[in-house]
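J.: The residues making up each chain are set out below.
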Amino acid sequence: MAKTLAQEFTKGLWEEIPPFRLVLGLCPTLAVTKSVQNGIGMGIATTFVLVFSNLLVSLLRNVIPAKIRIACFIIIIATFVTVVELLMQAFAYPLYLQLGIFIPLIVVNCIVLGRSEAFASKNKTVPAIADGLGIGVGFTLSLSVLGAVREVLGEGTFYGMQVFGPSFEPFSFMVEAPGAFVCLGLLLCLMNLAGSR
Amino acid sequence: MREMVKMVIVLTLLSSFSGGLLAAIRNNTQERIDSQVLKFVKGPAIQTIMEGADNNPIQDRFAIPVGETEKNFFVGVFDGKPNVVAFETKGGGYGGDVGVMVAVNVESGKIHGVSVTTHNETPGLGARVETDEDFKNQFAGVPIGTETQVKKDGGDITALSGATITSRAFCKAVAKAGQLFEKVKPKIMEKLSTFSG
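The listed protein sequences derive, respectively, from chains F and C. Here numbering that gives the first Met the number 0 is used: the first residue of the first sequence is 0, the next is one more, and so on. Here numbering that gives the first Met the number 0 is used: the first residue of the second sequence is 0, the next is one more, and so on.
These are computed hints drawn from the structure, not numbers from a lab. These numbers were taken from a predicted model, which means no experiment stands behind them. It is possible that part of the hints are untrue.
With beta-carbon atoms standing in for the labels, derived distance ranges [stated by the list, open to error]:
(1) C:130 / F:187: 28 to 38 Å
(2) F:172 / C:193: 50 to 60 Å
(3) C:161 / F:66: 49 to 59 Å
(4) C:14 / F:161: 41 to 51 Å
(5) F:4 / C:161: 52 to 62 Å
(6) F:4 / C:26: 32 to 42 Å
Backbone N, C-alpha and C define an ideal beta-carbon position, used for all residues, glycine too.
All chains, full assembly: derive it from the sequences and hints.
T.: Put into structure tokens, the structure is as follows:
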């Protein structure tokens with residue numbers, strides 16, 4: 000079944016939205032979504048890597064021998080991750096300090112490798128870019144929502160701005176690692192409820 | 000056999016391309032990254048210890064070759080004289096190196112102040128090294144080159160409670176600063192004598 004370009008893009012926004020539908024890439028999801036800003040930053044970095052690695056994998060899909068395809072994908076992905084890391088250091092250093100080790104860890108994010116293996120290596124370049132962009136935007140959205148919930152509850156702020164009065168006692172459990180699991184679980188539950196209607 | 004050759008060729012080409020691209024980006028962003036690091040990591044640390052200086056210590060810096068690399072020295076003008084220099088050293092902590100900015104008064108030979116630049120210590124324990132002023136104030140006024148040690152090791156420094164390893168790393172960095180200062184003192188004095196802020 001051939002999908003249109005728009006479908007390739009929009010499937011990443013709901014049908015296959017990571018990390019809720021494709022329950023992949025949980026490590027950065029749980030670790031960096033302490034705030035909206037971090038969620039968006041991580042999402043954009045991952046989107047960049049997804050789009051470019053999908054593009055290159057798709058272009059080279061007839062050149063890369065099947066036996067060493069994973070190694071080739073990893074080289075391509077690692078290259079773009081390092082590009083993101085360098086650019087972020089040069090142009091958004093405070094964000095880089097916040098995200099730290101999780102930027103290099105995009106290399107081992109299953110979503111990126113998963114899209115290369117499952118989609119880009121079997122499809123033409125343009126749909127591959129649409130797929131990467133869709134999944135990337137979906138990932139960014141998820142991380143922002145997760146970051147927003149955790150930041151509002153855990154710090155009482157949204158994108159650094161106070162949302163509650165001074166009497167608000169931050170529910171700091173939400174910005175700790177266990178809070179991330181609970182929050183992700185509840186959101187996943189809500190999404191399944193909404194989807195089952 | 001042919002397949003094997005193809006695999007080797009593809010991987011080699013891909014890796015060299017990746018290496019070339021990254022080298023190019025690194026060369027082009029290096030300068031910007033260095034200035035960002037100065038601004039966001041070393042900047043605040045320098046500003047804290049050089050409080051009350053008549054100049055901008057981040058701007059007024061010079062480099063002296065130490066070993067194979069060049070080290071930055073930041074000059075602070077107090078009472079109209081450029082008599083304080085600050086530089087960074089590192090000591091191995093609990094989660095990697097703890098970077099310490101040490102400011103030395105070249106006239107009295109005493110430590111003017113110390114401040115943390117980078118660390119990866121445990122939040123709530125070792126990470127307090129960044130904020131605990133009482134701990135850091137113990138170093139001010141100590142003659143540079145003193146073998147600073149925590150009390151547990153027979154020294155005079157009261158360690159951060161629950162963070163002996165971090166405190167040791169900090170002491171080690173300060174001690175290293177003493178050795179470095181002795182080594183390059185003539186060059187520092189030479190640079191300072193021609194300094195016109």
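J.: Now look at each hint and say whether the structure bears it out.
T.: Status of each hint after checking the structure:
Look at residue 130 of chain C against residue 187 of chain F: about 37 Å separates their beta carbons, and that is inside 28 to 38 Å. Taking 50 to 60 Å as the suggested C-beta distance range, the pair residue 172 of chain F and residue 193 of chain C conforms, at roughly 58 Å. The hint said 49 to 59 Å for the Cβ distance between residue 161 of chain C and residue 66 of chain F, and at roughly 52 Å that hint holds. In this structure, residue 14 of chain C and residue 161 of chain F meet the distance hint of 41 to 51 Å, their C-beta atoms being roughly 50 Å apart.
The hinted window of 52 to 62 Å between residue 4 of chain F and residue 161 of chain C holds, with their beta carbons roughly 57 Å apart. Evaluation of the 32 to 42 Å hint for residue 4 of chain F and residue 26 of chain C yields a pass: the beta carbon distance comes to about 37 Å.
Checked against the numbered hints listed earlier, the structure breaks none of them; every hint is satisfied.
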